[in-house]
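Turn these sequences into a full structure, and let the hints guide you.
Going line by line, the protein sequences match chains A and B.
Everything in the first sequence is counted per this note's numbering, starting at 9 for the first residue and increasing by one.
Everything in the second sequence is counted per this note's numbering, starting at 9 for the first residue and increasing by one.
What the hints contain is simulated information worked out from the structure, not anything from laboratory work.
Bear in mind the structure is a predicted one, so any value in this text is a computation, not a measurement.
Each hint should be verified, as a subset may be incorrect.
No copy labels: a pair is met if it fits in one copy or bridges any two.
As the list claims (entries may be wrong) - Okay, derived cross-link-like pairs now, EDC-like style, lysine to aspartate or glutamate, Cα gap no bigger than 16 angstroms in a straight line:
| no. | residue 1 | residue 2 |
| --- | --- | --- |
| 1 | Lys193 | Asp425 |
| 2 | Lys227 | Asp425 |
| 3 | Lys227 | Asp177 |
| 4 | Lys133 | Glu65 |
| 5 | Lys193 | Glu451 |
Protein chains: 2
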Amino acid sequence: MAMDQVPEARDRKDALFATLGSRFGSRLSTSAALREQHAHTLTWIRNEPPDAVLFAETTAEVVEVVKLCAEARVPLIPFGTGTSLEGHVNAPFGGLSLDLSRMNRIVAVHPEDLDCMVEPGVTRKALNEHLRDMGLFFPVDPGADASLGGMAATRASGTNAVRYGTMRDTVLGLTAVLADGSVVKTGGRARKSASGYDLTRLLIGSEGTLGVITELTLKLSGIPETIVAAICPFATIEGACNATIAALQLGLPLARIELLDEVQMRACNAYSHLTLAETPTLFLEFHGTQAATAEQVEAFAAIAAAEGGGPLVSAGRQEERNRLWQARHDAYWAARGLRPGAGIITTDVCVPISALAACVTQTRQDIDRTGLLAPIVGHVGDGNFHVMPLVDLANPEERRKVQGFLDRLVARALAFDGTSTGEHGIGQGKMNYLAAEHGTSVEVMAAIKKALDPLNILNPGKIFAL
Amino acid sequence: MAMDQVPEARDRKDALFATLGSRFGSRLSTSAALREQHAHTLTWIRNEPPDAVLFAETTAEVVEVVKLCAEARVPLIPFGTGTSLEGHVNAPFGGLSLDLSRMNRIVAVHPEDLDCMVEPGVTRKALNEHLRDMGLFFPVDPGADASLGGMAATRASGTNAVRYGTMRDTVLGLTAVLADGSVVKTGGRARKSASGYDLTRLLIGSEGTLGVITELTLKLSGIPETIVAAICPFATIEGACNATIAALQLGLPLARIELLDEVQMRACNAYSHLTLAETPTLFLEFHGTQAATAEQVEAFAAIAAAEGGGPLVSAGRQEERNRLWQARHDAYWAARGLRPGAGIITTDVCVPISALAACVTQTRQDIDRTGLLAPIVGHVGDGNFHVMPLVDLANPEERRKVQGFLDRLVARALAFDGTSTGEHGIGQGKMNYLAAEHGTSVEVMAAIKKALDPLNILNPGKIFAL
Numbered sequence: 009m010a011m012d013q014v015p016e017a018r019d020r021k022d023a024l025f026a027t028l029g030s031r032f033g034s035r036l037s038t039s040a041a042l043r044e045q046h047a048h049t050l051t052w053i054r055n056e057p058p059d060a061v062l063f064a065e066t067t068a069e070v071v072e073v074v075k076l077c078a079e080a081r082v083p084l085i086p087f088g089t090g091t092s093l094e095g096h097v098n099a100p101f102g103g104l105s106l107d108l109s110r111m112n113r114i115v116a117v118h119p120e121d122l123d124c125m126v127e128p129g130v131t132r133k134a135l136n137e138h139l140r141d142m143g144l145f146f147p148v149d150p151g152a153d154a155s156l157g158g159m160a161a162t163r164a165s166g167t168n169a170v171r172y173g174t175m176r177d178t179v180l181g182l183t184a185v186l187a188d189g190s191v192v193k194t195g196g197r198a199r200k201s202a203s204g205y206d207l208t209r210l211l212i213g214s215e216g217t218l219g220v221i222t223e224l225t226l227k228l229s230g231i232p233e234t235i236v237a238a239i240c241p242f243a244t245i246e247g248a249c250n251a252t253i254a255a256l257q258l259g260l261p262l263a264r265i266e267l268l269d270e271v272q273m274r275a276c277n278a279y280s281h282l283t284l285a286e287t288p289t290l291f292l293e294f295h296g297t298q299a300a301t302a303e304q305v306e307a308f309a310a311i312a313a314a315e316g317g318g319p320l321v322s323a324g325r326q327e328e329r330n331r332l333w334q335a336r337h338d339a340y341w342a343a344r345g346l347r348p349g350a351g352i353i354t355t356d357v358c359v360p361i362s363a364l365a366a367c368v369t370q371t372r373q374d375i376d377r378t379g380l381l382a383p384i385v386g387h388v389g390d391g392n393f394h395v396m397p398l399v400d401l402a403n404p405e406e407r408r409k410v411q412g413f414l415d416r417l418v419a420r421a422l423a424f425d426g427t428s429t430g431e432h433g434i435g436q437g438k439m440n441y442l443a444a445e446h447g448t449s450v451e452v453m454a455a456i457k458k459a460l461d462p463l464n465i466l467n468p469g470k471i472f473a474l
Numbered sequence: 009m010a011m012d013q014v015p016e017a018r019d020r021k022d023a024l025f026a027t028l029g030s031r032f033g034s035r036l037s038t039s040a041a042l043r044e045q046h047a048h049t050l051t052w053i054r055n056e057p058p059d060a061v062l063f064a065e066t067t068a069e070v071v072e073v074v075k076l077c078a079e080a081r082v083p084l085i086p087f088g089t090g091t092s093l094e095g096h097v098n099a100p101f102g103g104l105s106l107d108l109s110r111m112n113r114i115v116a117v118h119p120e121d122l123d124c125m126v127e128p129g130v131t132r133k134a135l136n137e138h139l140r141d142m143g144l145f146f147p148v149d150p151g152a153d154a155s156l157g158g159m160a161a162t163r164a165s166g167t168n169a170v171r172y173g174t175m176r177d178t179v180l181g182l183t184a185v186l187a188d189g190s191v192v193k194t195g196g197r198a199r200k201s202a203s204g205y206d207l208t209r210l211l212i213g214s215e216g217t218l219g220v221i222t223e224l225t226l227k228l229s230g231i232p233e234t235i236v237a238a239i240c241p242f243a244t245i246e247g248a249c250n251a252t253i254a255a256l257q258l259g260l261p262l263a264r265i266e267l268l269d270e271v272q273m274r275a276c277n278a279y280s281h282l283t284l285a286e287t288p289t290l291f292l293e294f295h296g297t298q299a300a301t302a303e304q305v306e307a308f309a310a311i312a313a314a315e316g317g318g319p320l321v322s323a324g325r326q327e328e329r330n331r332l333w334q335a336r337h338d339a340y341w342a343a344r345g346l347r348p349g350a351g352i353i354t355t356d357v358c359v360p361i362s363a364l365a366a367c368v369t370q371t372r373q374d375i376d377r378t379g380l381l382a383p384i385v386g387h388v389g390d391g392n393f394h395v396m397p398l399v400d401l402a403n404p405e406e407r408r409k410v411q412g413f414l415d416r417l418v419a420r421a422l423a424f425d426g427t428s429t430g431e432h433g434i435g436q437g438k439m440n441y442l443a444a445e446h447g448t449s450v451e452v453m454a455a456i457k458k459a460l461d462p463l464n465i466l467n468p469g470k471i472f473a474l
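Okay, structure coming up:
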């Protein structure tokens, strides 16, 4: 008998929702549509809706709700925009989805310190909109217009992590509500600190299992004087990867360097009506002064030529840059266009960059051998790549095939000294790989979880089974 | 009655050392000189020697020793080079100093991945010596030739953190022996990962209280094509800080930017027989291509001039660079030369950079008002600065005065939204400030410590009192 079917548990839950309803009025909802929308909606993981959704507006409210959920032993699942990809917001044990999207104030911007303080529901695009006139931007760009709280919780990164880092590097401090309702402030506004345990980094990537993030202090960057975009085709994946390695060794400060494989390029040509070479292609961006970016473009063109790549085409004006990068921007929809009506599974792994060419090549062979259709797109400067199998999710045979492929993909990444996920997180989708990747460290993670959330109230059933 | 005076505890300790002696022979020592050398020797914190010192040579040995210490309930204090500044290696409850300096193998270097794996006793200079011919270097430079294990344990940084980051940013993964003797591997060789809790960052800066680091995977950088050094005097601290802020906002990739205040400059002129202006002065280093560094120097000179600084003097050849930076390199000894025979207390705090000028200026006023002699040197790009009071440690009145000053220094940094230490750590010296800085977070840190080291075996009496 599942926990929420135990009569006493059911009573506690009903009493909790009655209390929350009278306290928060229409901000508590049990509408089926809203509940489904607050569970996993992307890729193939089953939608497991919470019992109710509550919209919080302040840290004090989060404290109140966490305490009530803890008393009632009802799971609480923090929710931002629901754009995570591994089932992070599902409610496998039911419970309350705590929607933080209304906590969307930009609390402060400190241009001299290149930092800002935001509530967790602010999305990265909303923040960048706000910052633009100050000549500043927040660089982490996972593609989706995710909430910054969610991005911290999943340790998100994206296309320009190679230059600006991931959420691990760009969050200076956090306010979080822990499972006992206590409010902690971690880190701070100093650029660095050697004071005490790094609780900021512990919360980043903890996927809502250790605390509900209610405020973030973020490191910002100045909008570069000049941005130059470029694309450069290569005969082989190896050539593209070797050029990337050479550029990094030389210390070229690449702002973005993205690899699209031949299948993705074919998809992009078809989708965006382009006539690009259907070979592995690097999409690049250079940030700096005019002279510095010009020098970087020239240096990269020479490196690429030595690896059989080219011609490199570059552009400085925004319109032309957008046109050059259109294929990359449309990659997801172009991929979907390869098999209209099919489902898409977006997965990622990350390996040391020296292993990237071999790992991508073997993955391509595996895809073809398995009879899947799946483009590959990589944040190649980090050794991180995405595979997007297009699958008829109603077909058990296809599901079985793709599951085998996903298992082999992770095993291959781990065999190359890599990780099961570079940026999507564990959620539910990758729990089974955790022990293979981390060994005895999983027990340490579990010990921390038990120490900080002994009742397993916060986002249970994610990262590890407890 | 202190724990080690309880007869039963004394017996357990004697039995432990007998066991260790017969197992490790002369690698276990109870010589008074060696024990004193393995306790705090720098600044003013009292030397509290361990009962014995053991030189470990492998991870397996560390496991063995940790288990024996845990069984006997005897504290174990990991030891690298003993260059930490806040009493981190003291043995307030006695116990065993576990010297890791013989674990000094460079296990692997992967030039294509810009990473390496080292044992914890490798010092940063030994590593850089080894890397030089490959065109690579490890950038974190805390001044002392510290061991890399110790640098990770204290979350060290130093002069070029502004460009290359601290140990937080440059450690990709760790192997550590926990208090129960289990061996964990955290992180890995992938540049980024969203897989599970960030145990790497939890161990970095944990000062030996959570685990004994026995291997590190480190991120390396390519030696830049061109290095240009520069110095630039300013009329005021404000001018120097404002120029730094402007340069960072512009995205100038400063490799180092160090501030020496007028007292430090006077000390340097006297010590190194120089004739530099005795006003606040920035020491800079630029890394990049020849064209890029030339452009950076020019840009910074213009910024400095706008803030009343200059003339900026720069140099590219190594000899000339060394000559320009001589005052910075000799800063510590020059400071000591201000009051020969006196003790020196090296302390640090870190604040948001917009607050740096005010914090340094108020600190200078406090020093003068208190009647102390204390130069100030800052890693100004991070908002981190050092104060080095020269004190007759035998004089109770001077000790009292300097203690009051240190308390006010931290209070001031915290009032400016800063941290009690940017890079030296908490150790024993800053334990009293932890609650003021972190509030309820201290309880979370303590809960983690208790979960992972319930017997409080690993470096007890550091960071917090348990």
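Hints versus structure:
In this assembly of identical chains, the alpha carbons of Lys193 and Asp425 lie at most 16 angstroms apart only when taken from different copies (12 angstroms versus 35 angstroms within one copy). Taking identical chains as interchangeable, the C-alpha atoms of Lys227 and Asp425 lie at most 16 angstroms apart only when they sit on different chains, with a minimum of 15 angstroms there against 30 angstroms within one chain. In this homomeric assembly, Lys227 and Asp177 come within 16 angstroms of each other (Cα to Cα) both inside a single copy, at 8 angstroms, and across copies, at 14 angstroms. Taking identical chains as interchangeable, the C-alpha atoms of Lys133 and Glu65 are never at most 16 angstroms apart, the minima being 20 angstroms within one chain and 52 angstroms between chains.
With identical chains, the CA atoms of Lys193 and Glu451 are at most 16 angstroms apart between copies only, with a shortest distance of 12 angstroms across copies and 26 angstroms within one.
Violated hint for the displayed structure: number 4, the only one.
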